[in-house]
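Okay, here's what each chain looks like letter by letter:
There are 6 protein chains.
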Amino acid sequence: MSTIKQTPDESDPSVKNIYQDIRDSRKTNYIGNFWRYLAFDSSLLKNVWEDVKNLMVKDTIIDKKTKEMIYMAVSITNNCSYCTHSHTATAKKLGMTQEEHSEFLSIVALAAKTNQLVNGLQVPIDEIFDADRQD
Amino acid sequence: MSTIKQTPDESDPSVKNIYQDIRDSRKTNYIGNFWRYLAFDSSLLKNVWEDVKNLMVKDTIIDKKTKEMIYMAVSITNNCSYCTHSHTATAKKLGMTQEEHSEFLSIVALAAKTNQLVNGLQVPIDEIFDADRQD
Amino acid sequence: MSTIKQTPDESDPSVKNIYQDIRDSRKTNYIGNFWRYLAFDSSLLKNVWEDVKNLMVKDTIIDKKTKEMIYMAVSITNNCSYCTHSHTATAKKLGMTQEEHSEFLSIVALAAKTNQLVNGLQVPIDEIFDADRQD
Amino acid sequence: MSTIKQTPDESDPSVKNIYQDIRDSRKTNYIGNFWRYLAFDSSLLKNVWEDVKNLMVKDTIIDKKTKEMIYMAVSITNNCSYCTHSHTATAKKLGMTQEEHSEFLSIVALAAKTNQLVNGLQVPIDEIFDADRQD
Amino acid sequence: MSTIKQTPDESDPSVKNIYQDIRDSRKTNYIGNFWRYLAFDSSLLKNVWEDVKNLMVKDTIIDKKTKEMIYMAVSITNNCSYCTHSHTATAKKLGMTQEEHSEFLSIVALAAKTNQLVNGLQVPIDEIFDADRQD
Amino acid sequence: MSTIKQTPDESDPSVKNIYQDIRDSRKTNYIGNFWRYLAFDSSLLKNVWEDVKNLMVKDTIIDKKTKEMIYMAVSITNNCSYCTHSHTATAKKLGMTQEEHSEFLSIVALAAKTNQLVNGLQVPIDEIFDADRQD
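Residue numbers (numbering that gives the first Met the number 0), protein chains in the order written: chain A, 0 to 134; chain B, 0 to 134; chain C, 0 to 134; chain D, 0 to 134; chain E, 0 to 134; chain F, 0 to 134.
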């Protein structure tokens with residue numbers, strides 16, 4: 000159950016072209032629900048796909064598995080169930096082992112714990128963290 | 000300005016011992032405010048330091064710079080200013096370049112954007128993401 | 000599956016009266032689950048309904064469609080699935096077109112993205128934003 | 000620095016009356032900034048003060064110290080710095096000891112940690128938690 | 000549907016021992032899904048169980064029902080559905096009445112409302128809240 | 000205090016060109032800190048500015064004042080202090096009156112309150128909200 004009616008097919012040429020690019024770039028025929036629902040506005044679909052393609056699908060400075068784990072960390076913290084599922088699945092495909100997955104979860108859980116302690120204590124920021132003082 | 004009175008010195012032996020372990024493990028004489036404020040309860044200080052030491056300071060499966068970037072992602076998403084400052088400073092010390100920092104920020108920003116779109120559209124989860132179906 | 004047992008009927012007079020007011024004010028016979036579950040405490044039901052009635056149902060300064068879009072923005076950001084569904088449905092009834100819905104989603108997504116960048120960069124606030132300096 | 004110009008005095012009779020009620024109910028002459036800023040709209044001030052008075056200032060079922068600790072838990076999790084400071088100060092006035100404060104912080108930190116693990120693992124809800132099955 | 004394959008049985012001795020401790024400490028044979036999914040990494044299971052046991056299951060300074068209500072407040076604010084269900088069920092077992100549940104919900108709702116007002120107004124923190132000034 | 004060293008000048012031509020476009024599009028000479036800090040990576044600056052320009056600065060379907068209020072709602076809910084200040088200032092410039100500001104704050108506060116109640120009660124979604132059933 001979604002807030003929009005699902006796009007029923009790929010008859011819109013602008014949607015079809017983007018789907019083709021997704022399929023080619025990702026080397027898979029499968030188009031996930033995220034893209035199928037974004038397709039209710041082809042310009043939004045295009046805007047998001049270009050961001051994802053340039054940053055997550057193309058080779059960049061940070062390796063792909065790490066990029067997915069960073070994405071997972073944000074998605075888990077925002078409690079986005081769909082996003083957590085999709086990026087965990089992708090990280091696994093890119094080689095994230097069960098041991099790495101477990102250690103990753105330990106880190107995001109510890110971060111949430113210490114974030115909460117800092118908020119509760121209202122810890123003042125050390126001057127030493129000032130980027131202008133680091134070299 | 001904090002919700003507790005700052006611990007004024009290191010006269011409590013249980014606090015002193017943990018501070019010594021922090022100094023030895025991290026190879027620095029500096030004790031950050033987070034630890035100084037946690038010291039208002041030495042058992043809480045001990046509990047948190049052991050988690051941080053075992054997971055973030057010791058060598059584990061995921062490399063240290065990546066671990067800090069995962070920690071940063073959670074802290075930024077939770078909008079914990081202290082935590083963002085302290086873990087960004089640590090990641091830089093561990094070799095995170097300006098290019099990596101910038102790419103990292105682009106990823107956490109994109110993740111927040113797509114998390115929000117998924118929430119707004121209420122996208123149903125693809126069956127293909129089911130961990131039991133992946134092998 | 001809820002954390003309380005669903006209120007089974009409208010036999011409680013104080014609940015019945017509020018339901019009648021909801022039906023009259025909204026010109027519909029349908030009472031949504033939110034009100035049915037709140038009814039487990041009729042004073043809480045009354046408190047919330049009066050807030051909603053005065054602010055969202057009555058004519059006020061901001062037009063009704065815009066009010067629902069503001070409500071949607073909060074609900075999406077808080078990742079409240081029920082609230083996102085119910086307020087999107089209401090906004091549509093009040094005339095939100097598919098084009099407006101799409102542009103709205105683009106705005107809340109962009110806001111989440113730039114919020115995240117500001118948190119990651121820890122951008123200092125410009126003095127020019129001070130309300131006391133604006134006139 | 001605020002998003003509105005601070006209300007400069009208590010010349011507005013509707014504001015003055017509410018301030019008097021705050022002073023009488025709380026048995027203090029001090030009016031905190033929260034109320035001073037809310038006063039930019041006296042009807043909003045009235046709405047919020049009545050909620051706070053009925054729920055937090057008056058004697059109700061849950062004891063006052065516990066009510067403040069519940070309020071603190073929400074404020075810390077939402078990372079509301081002002082709210083964390085003000086409700087921690089109130090809880091202390093109501094008798095929250097340093098030992099209780101410390102244990103409280105340990106609980107909210109543990110809750111954040113396990114919330115994050117549940118989100119990361121996407122744990123399905125046990126049928127046994129269904130309120131309709133509990134009696 | 001979870002991000003990991005469910006642990007199928009209790010054949011791993013380290014998992015079995017922790018499950019036995021959970022059963023003994025909680026005086027129930029039932030092991031919730033949270034523990035069954037955490038068991039995919041027995042060291043993480045052990046770490047979390049020890050925190051929960053020491054803080055939530057053992058007798059400490061704050062009474063058990065209040066501890067669960069604090070836990071609920073964090074879980075609701077983080078919108079963790081599983082956690083809200085499980086800790087509400089536990090609080091009820093520990094004696095939380097329907098009247099307390101209702102008042103609790105009114106408090107967490109009011110806190111979210113005033114947190115949001117403070118954020119919107121950007122209210123400056125009163126000097127009087129400074130812990131160093133309180134005695 | 001930021002996590003990066005502030006960009007000291009506009010000597011980088013790619014930054015200078017974007018700043019010129021910001022100045023021209025917004026009809027102001029002032030460049031806010033957000034843009035000055037984003038400039039540490041000119042490609043990120045360009046990506047964000049193009050999104051903001053196309054959606055918020057250009058005339059689109061939703062009027063500019065409403066767009067800023069939607070942006071404010073997300074920023075307040077995410078507790079992004081900088082963003083709340085900057086978008087409130089912009090909304091005021093675009094004509095948001097004090098009465099509208101106050102009503103807006105009442106709505107975002109009520110939304111946070113009812114979001115929290117829905118999370119606490121775990122209200123099931125009405126079938127009637129299904130977009131596929133609406134026409």
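None of these hints come from the bench; they were simulated from the model.
Some hints here could point you the wrong way.
Which copy is meant is left open, because identical chains are indistinguishable; a pair holds if it fits in one copy or across any two.
Unchecked claim - Pairs of lysine-lysine, BS3-like flavour, derived with a Cα cap of 30 Å:
{"#": "1", "residue 1": "Lys4", "residue 2": "Lys63"}
{"#": "2", "residue 1": "Lys4", "residue 2": "Lys64"}
{"#": "3", "residue 1": "Lys15", "residue 2": "Lys26"}
{"#": "4", "residue 1": "Lys45", "residue 2": "Lys4"}
As the structure is a computational prediction, the values presented were derived from the model and not from experiment.
Hints versus structure:
no. : hint             : result
1   : Lys4 with Lys63  : between (33 Å within a copy, 23 Å between copies)
2   : Lys4 with Lys64  : between (33 Å within a copy, 20 Å between copies)
3   : Lys15 with Lys26 : within (16 Å within a copy, 39 Å between copies)
4   : Lys45 with Lys4  : within (19 Å within a copy, 33 Å between copies)
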